[in-house]
Amino acid sequence: MNDVPGIWTHARLLLRKDLMTEWRTKERLSPMVFFVLLVLLVYNFAFELGGAALWEIGPGVLWSSFVFASLFGLQRTFAAESTNDCLDALLAAPVERGALYLAKMMGNVLFLVGVQLLTLPLFGLFFNLTPGLYLLPLLVVFLLGSASVASIGTLFAAMASHSRLREFLLPLLVLPVLIPALISCVAATGFILAAGIPGRAVQFWPEELTLHVGMLALFAVVFSTLAWMLFDFVIEE
Amino acid sequence: MTRILAVILSLAMLAAVGAVFLHAPTEVQMGDVQRIFYFHVSSALSAAACYFLVFLGSVLYLRTRKDRWDRFAGVSAELGVLFSAFVLFSGPLWARPIWGVFWRWEPRLTTMLITFALYVAYLMVRSYGDPGERTQRFAAVVGIVAFVNVPLVHYSINMWAADQQLHPPKVELDPAMQQTKLICYLAFGCLVTLLMRLRLNQERQAARLQALATTTHQ
Chain B
883 MNDVPGIWTH ARLLLRKDLM TEWRTKERLS PMVFFVLLVL LVYNFAFELG GAALWEIGPG
943 VLWSSFVFAS LFGLQRTFAA ESTNDCLDAL LAAPVERGAL YLAKMMGNVL FLVGVQLLTL
1003 PLFGLFFNLT PGLYLLPLLV VFLLGSASVA SIGTLFAAMA SHSRLREFLL PLLVLPVLIP
1063 ALISCVAATG FILAAGIPGR AVQFWPEELT LHVGMLALFA VVFSTLAWML FDFVIEE
Chain L
152 MTRILAVILS LAMLAAVGAV FLHAPTEVQM GDVQRIFYFH VSSALSAAAC YFLVFLGSVL
212 YLRTRKDRWD RFAGVSAELG VLFSAFVLFS GPLWARPIWG VFWRWEPRLT TMLITFALYV
272 AYLMVRSYGD PGERTQRFAA VVGIVAFVNV PLVHYSINMW AADQQLHPPK VELDPAMQQT
332 KLICYLAFGC LVTLLMRLRL NQERQAARLQ ALATTTHQ
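If you read the sequences in order, they're chains B and L.
With this note's numbering, you'll find the first sequence wraps up at 1119, consecutive numbering, no jumps.
With this note's numbering, you'll find the second sequence wraps up at 369, consecutive numbering, no jumps.
Quick list of simulated restraints, FRET-style, between CB atoms:
id, chain 1, residue 1, chain 2, residue 2, range
1, B, W890, L, N352, 47 to 53 Å
2, L, Q356, B, L895, 46 to 52 Å
3, L, Y279, B, W890, 35 to 41 Å
4, B, G942, L, R355, 43 to 49 Å
5, B, G942, L, V271, 20 to 26 Å
6, B, W1087, L, L317, 28 to 34 Å
7, B, E1090, L, L324, 32 to 38 Å
8, L, E323, B, W890, 54 to 60 Å
9, L, P248, B, L901, 56 to 62 Å
10, B, P913, L, V271, 27 to 33 Å
11, L, W254, B, F927, 25 to 31 Å
The hints are simulated quantities; they were obtained by calculation from the structure and are not laboratory data.
Nothing here was measured: the structure is a model prediction, and the numbers come from that model.
Virtual Cβ for every residue (Gly too), placed ideally from N, Cα, C.
Looking at chain L on its own, in the form it has when it is part of the complex (with noise of 0.2 Å):
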């Protein structure tokens, strides 16, 4: 399953490459930096995707007390961080020769780092806690605060710097550039679900040591 998967992502990386640089024409004003945008809106979703089951895993978990669910809500914030770092990097590439500078105080941005910081300081919770019941439980807990607080911080950052706004709300794509968003978002939909696939049998092989090791022992 892995592998057909990896075959899949191999396929789909591969035709949003070729989509993003031959299919989609170059935007009028922005010229090729805009091709940024594809790649950026895809882990801006993917990040966004994550932190949701960042938060079904800590319910789950702290329903079911099984351990497969911190599992699935640490490997997703994991993930999570992961393309939140890459949007905030992409976009003051992108930034810098639009907008002039690398950061702006703008709404989205903002909330886009907020959010990244909630996470990290989850996946702290994780890695500075005993390892056991206790600290599945405190990540749990964190995981669904953070989850709760998202929407907080988006309306409120949004109240803050209503001025600064320079993200479009909302845009009109040509039909070949909406072609690419979405071969790219299926393309980034397979690289989730693939480092999602092989992150998660990490981690339960690594809990099947630590309970082999603990059973010898003893």
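Here chain B stands alone, though its shape is the one from the complex (with noise of 0.2 Å):
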């Protein structure tokens, strides 16, 4: 009916051509992985994982390493784009600007989510963690914790490419902006390794837990909207 393709066309489009680069190149997701690693490795030496450790600072420990890895990422967002001035052919091309939002906001989601699950086993190797199906709802808490970080630091990427100060404004911005996201975040994760203290029956979905998942839906959606209709304003030249 429609021979025009629409928004989601293109963003699907741009996101492949992002994953088939990433395939190919393991540019962002592989420094990231690694960087976790050596997160984990230096909170080691300031707190002593392990033991009774997990259910103290684990969540916090998890969740700053990923918030920091993802920094590191998102620096990358636009960076394919910034070579031979491919952001300017794809800002001529008839694109809508928001398809390029959503094919980059959904890209950093995929990479998020994808460091995470490849660095929670080394997250339970450190700690001691016991696996189960117990941590299941874990994966609920990254898709919509990384769809967070996505959210703001997609357009906050494509400011920073275009600033002085760079590197340092993402951190800078997204910081601060991500708090109410990353107090759900840490708390969704306790409650989930809660469940695998020995002698505590284990509760699937312990009922905090909706309230914290909720406050994350709700960032997410509110971020990456606010976003969407933002980004036509960073990126115009």
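Once you've looked at the hints, go ahead and assemble the two chains, each given alone in its own frame, into the complex.
See below:
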């Protein structure tokens, strides 16, 4: 009925391009995973991981290393487009700007969830985490947490590449905005991990989890919508 | 106009200081230190008003692309950060004798600190960007995102530190205290307006000078 490709088609194509590039070069995923490993190593010397530390500081350690790694990865959001002025070509193409935001944002969500899933075993190893099905709700938290980070991260990454501060600017902007989401990520992860405390009845979906997951969903929806609306103003040249 | 405002401000501030120290009765439990309240709360309100003005200026800038809205947002952010800094400074002075510590990770305190950080970041975007239209656009985007974030921060911090709540949700004030509070609000309102006018004038002149310098160089 409608032959003109819509915003989703464009977004999907752009996303596919980014994923294919990543698949061939692995230039974002591998450094990010390695970075999480290094942060965990630093935390080990700072806090002595293992034992009861899992329930006391585990969620905080997990999410701070994810957030640091994601800041690292977000910087690269538009890296592929900056060489050979590809961004200008993209902007000249009859593609809605919103599609570019959606593609980059979804790409960032996928990278972040990928990093989280790849590093969770490392985290489990260092903290002596007992594997089990009770960890399954973590998937939801990872997904929504990543969507929260990516929603504003993608918008600010587009700005940071043009600033004199460059790499500096992104964390300065992302971290304070992200705090509401971070609180819920840490709290939700805490409730999920607490199900693994020996002797405690395993509760698959603790009641408090709903509140924090709801908060994360709200954050992700509010900021991806807002960022999608504002993205035009950031990349217009 | 600025002069008249300056005179009004001087009188209002004098009245405020007089009311705080002479008119308002000493609070029964906290004693004299409670008098910080009048300036503390007035500053917090001024900061909140300024942050709203940043949002307003940012939206209007993106809609109209007029430089004056960009300057308006920038100046409001400076004042917002200034008044927040005062809140974050006067809060601990009050907290130390009452709560026993300078700092508690208490909901309102934490929210204020995060908001402060948000707008410091906003000012950094302005001052470290290359002067020009692009930086103005970026600043406006950050000004909007920051303002939308404030209620979320407030809500989530309340959830996070519900058991730490130390600020009273609502206070019944003695009539004399109530009057003092209103005089302080008025004085701070004048202060914000005057500072805003002065800074806007300065910025407008700087922009004009810049424009002149560019034309003469060409």
